[in-house]
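There are 2 protein chains.
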Amino acid sequence: MTLDRFFPFLVWGRRYGRDDLQGDLIAGVIVTLMLIPQSLAYAMLANLPPEVGLYASTVPLLAYAVFGSSRTLAVGPVAVVSLMTAAAIGQVAAPGTAEAAGAALLLAALSGLFLLALGLLRLGFLANLLSHPVVSGFISASAIMIAVSQIKHVLGVAGGGGAVYEQVYSLVLELPTLNPVTAVIGLVALAWLFWVRRGLAPLLRRWLGWSGRLVDVIVRAAPVVAVALSTLVVYAFSLAERAGVAVVGSFPAGLPPLTLPPLDAPLAVDLLPAAVLIAIVGFVESVSVAQALAAKRREHIEPNQELIGLGAANLAAGFTGGYPVTGGFARSGVNFAAGARTPLAGVLTAVLIGVVALVATPLFRDLPNAVLAATIIVAVLSLVDLGKIAEVFRYSTADGLAMAATIVGVLALGIELGIVIGIALSLAIHVYRTSRPHIAVVGRVPGTEHYRNVERHKVLTDPRVLAVRVDESLYFPNARYLEERVMALVARNPKVERVVLICSAVNLIDASAIESLEALIHHLRDAGVAFDLAEVKGPVMDRLERSHIFPLLEGRIHLSTHAAMMAGERPAGTTAAA
Amino acid sequence: MTLDRFFPFLVWGRRYGRDDLQGDLIAGVIVTLMLIPQSLAYAMLANLPPEVGLYASTVPLLAYAVFGSSRTLAVGPVAVVSLMTAAAIGQVAAPGTAEAAGAALLLAALSGLFLLALGLLRLGFLANLLSHPVVSGFISASAIMIAVSQIKHVLGVAGGGGAVYEQVYSLVLELPTLNPVTAVIGLVALAWLFWVRRGLAPLLRRWLGWSGRLVDVIVRAAPVVAVALSTLVVYAFSLAERAGVAVVGSFPAGLPPLTLPPLDAPLAVDLLPAAVLIAIVGFVESVSVAQALAAKRREHIEPNQELIGLGAANLAAGFTGGYPVTGGFARSGVNFAAGARTPLAGVLTAVLIGVVALVATPLFRDLPNAVLAATIIVAVLSLVDLGKIAEVFRYSTADGLAMAATIVGVLALGIELGIVIGIALSLAIHVYRTSRPHIAVVGRVPGTEHYRNVERHKVLTDPRVLAVRVDESLYFPNARYLEERVMALVARNPKVERVVLICSAVNLIDASAIESLEALIHHLRDAGVAFDLAEVKGPVMDRLERSHIFPLLEGRIHLSTHAAMMAGERPAGTTAAA
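Sequence order for the protein chains is P and U. Using my numbering, you'd call the opening residue of the first sequence number 62 and step up by one each time. Using my numbering, you'd call the opening residue of the second sequence number 62 and step up by one each time.
Extracted from the complex, chain P is given alone in its bound form (with noise of 0.2 Å):
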């Protein structure tokens, strides 16, 4: 039914058993514990109030819960989209204004409706267009960027903004400033998570033989232990007010409240690119964690459908004071990893997450900006490949600098125009290659009826005749090709009266290509040289006899190279009685 395909949860929602339910409360309780610190960590990369984190975990995941195809990807707030929320809206407001927060609530609405657009016009194969040398070079360059911009938090310098080697000569200006206790604090927050990843995990693992699934939750729930441990400190020894230690401080306490983007059109098309692009990268991130997680349960999703459950969210949170949220890698896996069966674990997620916000604000007050800032460099250094980079360049030259000019972009340029220069070097690239298909000069291979490369094989062949097998569609970025490189081939044989095409490997001929054919074919009626083709393919056939060239090819087209190559001369029979 159409209901069943745009509310995934009539589906699992009327086969929801006990055991389900269990699942769903032990990873929803699990998924809240990690998201506390998370929500709070990423509205700090966003420039924006810690308040705002939680209410972006909590109404976008009802939202995502309803619409999202997925059954196990846990929504919110994440690193990479963080930033850029930060750098988009810090182009248009001073960070901590009301008019800052203004604008994320209109940037997540404006990514919601265009991701809600792109569902419902079923354009999800856009994000096809991010090629995964870029998304990897671009995650990296991030991750390195939001490494470098948490810094001066874990170290309590003043530290300034802007590219990352400006962060990173401010850092060095600004040392002698920093602040020994939070240094302390933040230093000593960052060897524990890096200890429990690098040190713990393995030992729990290998000695204690203890499963991957149940390592990776007590991993994930590492920040909560140095986030509470760190408070408490702070708040016994007034660390805040004796010696000067930023804090996350009093925020209001409340449930997330509704609110209205700003209706400002020039706002919103300053805003747009940004919405733009933190849709697609969202989406893409969001789209490969839950394909991976659908996979091991042998479940299925639906990328226009994702599209629509993330469209969802992000304009919820656009209208209940949130920011742009997405589906988060980590917080996905911990969600399966602890027994997630349904969006279900979400809706838990989500109403414990309004609990908090409710009621829990004033035990955040002491909570040290350095241990949020040492979460999240843990957090997206995991991200950092660099391996990935050798492996990529080792496969291919020419995807390996399309991930190189991401990174150089990113970190260069910033996230946006990085990414932009990415999918064009991509789409440059993939014209490039495909404009230039391998072409064949085929000759009969001795006894047979087979046609192979004459480069590669010994086989005969006809001066007269060229028969040309071209690996490729034929459509306008190699259309051009085709015709330049058969018109050589005839200006090199003089003795050519005829070419054959062999359109075996041919799926399709665009526009642009019979246009090229049409050429073609006058081109060697000019030289006084036959056109024909050989195996079209059935589809590509309906096409053609639609086309205006139609008439210059009818009875020139035949059903083997074979039967191609023979139309010219006498019939076989023939010789053989003579």
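Mixed in with the good hints, there may be bad ones.
Remember, identical chains collapse to one label, so a pair may be satisfied in a single copy or spanning two.
Distance condition first, Cα-Cα at most 25 Å in a straight line; then the derived SDA-like pairs of lysine to any residue [said to hold, decoys possible]:
| id | residue 1 | residue 2 |
| --- | --- | --- |
| 1 | K357 | I610 |
| 2 | K357 | R559 |
| 3 | K449 | R494 |
| 4 | K598 | I500 |
| 5 | K357 | A398 |
| 6 | K598 | G504 |
| 7 | K519 | S621 |
| 8 | K556 | R513 |
| 9 | K556 | A624 |
| 10 | K357 | A501 |
| 11 | K598 | A566 |
| 12 | K449 | A391 |
| 13 | K598 | H623 |
Calculated from the structure, these hints are not laboratory results. Keep in mind the model is a prediction, meaning the values are calculated, not measured.
Assemble chain U onto chain P, guided by the hints.
Chain U alone, transformed into the frame defined by chain P:
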């Protein structure tokens, strides 16, 4: 030799004979007769003084003769590029000012540098981004824009600028101010030019049996008659002074001056996008006509050398008082038909136009602008091809949409935005098409070792083995789609234990597809399903062996589909013996 490659004239110059000279002389004279009114008319279209048109028809032709690879391409000012020039310089300077002339020089120099860079880097393939529907739609739409913009000159009304509908609106409003004498001259010239084309040409061809080439030359010379007669009439009756007929007027005589394009970085940045588009559009126009003409004599053109030739011509235009030039459709056809054998015909044309610029400029003082406008209208309206739009739509809706978007974009938003929209839409359609390749589940044709699509043929399948054939290279536009489709097929067939991917149509696996294959293999493993490949082509295999996923595939790559299908079974021989 390398020198021969970079200086094509070394090749034809060595073998130059008396026959060549005769052809080149006649063609040079005829093209000059055609080019004189065109130079003045297109300069008017570009909102530049008449002498700029003449200058652009001299030294740039010499530069092309040295570096161009086409024997018969006639370079110079053309209608579409003149319109683009008017639009580009209109945004940075008022018409008729020294700034406008300087901007035209800079535009030509930038276009020239861009073309040279593309040629030297051998990036001519980028012109393939302009698909045929986009070029065709763009030319029709610009021709309509150009024709509409000239009506005011034909009628002698003030008229306005702006988009097409604005121009039509202001024409209607200002119709009462029409200059009757101008309108009579303009409409008579228009009628004459149309009659020569539609009435005289068929007459000569059919009734007198004259050859197509000769008739073509006569038709193209008709503007000369209109120019000469109308100038005489205006001169004899002093219509410029007594009846207010707008005329070309006095302009300085002399050879093309040496000029330096303004070295103004911000201006260059403003003009760069227009320069790039002018370069690409000019290159596409040139290469199409050069290729058509070369083919007729089994000659060959080299697209990257054409870039260098056109780049040199435009650079020359920037330094000798001209504006952007390219190879023209009609003019090159006349050059060819009149018997041109080598670029020496172009050299002769350049010299003759130089003589005209030096001594004959007073002759054009009384040439009415209305007649120049009429020659432009007749020339460009032959480029409007409404039948083509219907033809493209009939052949392919997607290509038709790209064409329609280009036309609407050019007419409503201007030339540059229109082209960019067309290119973006073509690329999106291309990505959409390749993002959803044909994927068939295949089964064994009974009694053979052939495997065919289960939906089209009666074949045998094994519920434990899923054999999937993908009819496209695996690269980023479709990498994720393959993963989704295979996982969906496995989700629908719970008995499946092994997936065999048949790669007979796969010419490339890029880095994105490698990641997708890796994810697919892991997802399948998580679901307890093995993954094999079959019929991997040689170059693809070479690359696979270098990739990090090769260990996952070792021993699982089979030469044929049949071998892959049998790999899981007891050897066939065993069964037979039992």
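Hint by hint, here is what the structure shows:
In this homomeric assembly, K357 and I610 come within 25 Å of each other (Cα to Cα) only across copies, at 19 Å, whereas the closest approach inside a single copy is 51 Å. Taking identical chains as interchangeable, the C-alpha atoms of K357 and R559 lie at most 25 Å apart only when they sit on different chains, with a minimum of 16 Å there against 56 Å within one chain. Proximity of K449 to R494 under the C-alpha cut-off of 25 Å is restricted to the intra-copy arrangement: shortest distance 23 Å within a copy versus 29 Å between copies. When the C-alpha separation of K598 and I500 is checked against a cutoff of 25 Å, the pair qualifies both within a copy, at 18 Å, and between copies, at 15 Å.
With identical chains, the CA atoms of K357 and A398 are at most 25 Å apart within one copy only, with a shortest distance of 11 Å there and 70 Å across copies. With identical chains, the CA atoms of K598 and G504 are at most 25 Å apart both within one copy (21 Å) and between copies (19 Å). Taking the closest pair of Cα atoms, K519 and S621 come within 25 Å of each other both inside a single copy (20 Å) and across two copies (23 Å). Within a single copy, K556 and R513 get their C-alpha atoms as close as 21 Å, which meets the 25 Å cut-off; across copies the closest is 40 Å, which misses it.
When the C-alpha separation of K556 and A624 is checked against a cutoff of 25 Å, the pair qualifies only within one copy, where the shortest distance is 21 Å, while the shortest distance between copies is 43 Å. With identical chains, the CA atoms of K357 and A501 are at most 25 Å apart between copies only, with a shortest distance of 24 Å across copies and 43 Å within one. In this assembly of identical chains, K598 and A566 lie within 25 Å of each other by CA distance both inside one copy and across copies; the values are 9 Å within and 13 Å between. When the C-alpha separation of K449 and A391 is checked against a cutoff of 25 Å, the pair qualifies only within one copy, where the shortest distance is 19 Å, while the shortest distance between copies is 54 Å.
When the C-alpha separation of K598 and H623 is checked against a cutoff of 25 Å, the pair qualifies both within a copy, at 16 Å, and between copies, at 23 Å.
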